[in-house]
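Q: Taken in order, these protein sequences are the chains called A and B.
Per the numbering used here, residue 1 is the first one in the first sequence, and the count goes up by one each step.
Per the numbering used here, residue 1 is the first one in the second sequence, and the count goes up by one each step.
Do not rely on the hints blindly, as some may be mistaken.
[Unchecked claim] With a cut-off of at most 30 Å between alpha-carbon atoms, the simulated DSS-like pairs for lysine-lysine come out as follows:
hint, chain 1, residue 1, chain 2, residue 2
1, A, 42, B, 70
2, B, 11, A, 42
3, A, 114, A, 102
4, B, 53, A, 102
5, A, 102, B, 70
6, B, 57, A, 71
7, A, 42, B, 53
[To be verified] Here are the in silico distance ranges between beta carbons for each label pair:
hint, chain 1, residue 1, chain 2, residue 2, range
8, A, 42, B, 27, 18 to 24 Å
9, B, 22, A, 46, 42 to 48 Å
10, B, 22, A, 57, 32 to 38 Å
11, B, 80, A, 41, 26 to 32 Å
12, B, 73, A, 65, 21 to 27 Å
[Claimed, not checked] Only part of the chain A face toward chain B is listed, based on derived beta-carbon distances under 7 Å:
hint, residue
13, 29
14, 32
15, 46
16, 48
17, 102
18, 105
19, 106
None of these hints come from the bench; they were simulated from the model.
For each residue, glycine too, the CB sits at the ideal point set by N, CA and C.
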Amino acid sequence: QQQVKQSPQSLIVQKGGISIINCAYENTAFDYFPWYQQFPGKGPALLIAIRPDVSEKKEGRFTISFNKSAKQFSLHIMDSQPGDSATYFCAASIPRGAAGNKLTFGGGTRVLVKP
Amino acid sequence: DAGITQSPRHKVTETGTPVTLRCHQTENHRYMYWYRQDPGHGLRLIHYSYGVKDTDKGEVSDGYSVSRSKTEDFLLTLESATSSQTSVYFCAIRMNTEAFFGQGTRLTVV
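Can you build the whole structure from these sequences, using the hints too?
A: Rendered as structure tokens:
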């Protein structure tokens, strides 16, 4: 049973457009929601993260929107650039120190930004 | 890269043989993790460790074992490799809330 569901699996966007990736979770104990970016041949790297006490967090062109009641969160990439072409993973974890401090990942979205 | 080194980076092995992957960290982090990455499945947790000799299973632990005899090393063993274990394996450490990943090991079981 996948606890974090991510969509779409792939996304093609024109340069300058907006990329939107959605995630839904089931476990209401999750209290930390990061997004990871992965380039081919590399390990995932933290992009931006949010906690459920805020509804939105913005860092540069990247914004997380969080809807606690719907148990959903999304990543928006504004003014998408070819260098943003990568695979993006949403994730969630339960409070630090509990059950191994584990991250549960979504299935990933491959984003291609066309010039 | 948070001082994480995975070895080997690539390996081809035959079905039924044991395989050990190594994760080495240089910064004495308590939590270490092994994930596998497969298309459409994201990263799935195999095993994790919360200290020397302290390990526990993740969601896809069948066919895998781990050992952590030193803080800096976390070993993943495929006891008898099968084709379904062909994957990219990532080691990670957890520092506060953030996870840092190694470069990955691409394992092919033929």
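Q: Look at each hint and say if it fits the structure.
A: A quick look at each hint next to the structure:
| no. | hint | verdict |
| --- | --- | --- |
| 1 | 42(A) to 70(B) | 26 Å, holds |
| 2 | 11(B) to 42(A) | 16 Å, holds |
| 3 | 114(A) to 102(A) | 35 Å, violated |
| 4 | 53(B) to 102(A) | 18 Å, holds |
| 5 | 102(A) to 70(B) | 20 Å, holds |
| 6 | 57(B) to 71(A) | 26 Å, holds |
| 7 | 42(A) to 53(B) | 29 Å, holds |
| 8 | 42(A) to 27(B): 18 to 24 Å | 19 Å, holds |
| 9 | 22(B) to 46(A): 42 to 48 Å | 24 Å, violated |
| 10 | 22(B) to 57(A): 32 to 38 Å | 36 Å, holds |
| 11 | 80(B) to 41(A): 26 to 32 Å | 28 Å, holds |
| 12 | 73(B) to 65(A): 21 to 27 Å | 40 Å, violated |
| 13 | 29 | 15 Å, violated |
| 14 | 32 | 6 Å, holds |
| 15 | 46 | 5 Å, holds |
| 16 | 48 | 11 Å, violated |
| 17 | 102 | 6 Å, holds |
| 18 | 105 | 4 Å, holds |
| 19 | 106 | 5 Å, holds |
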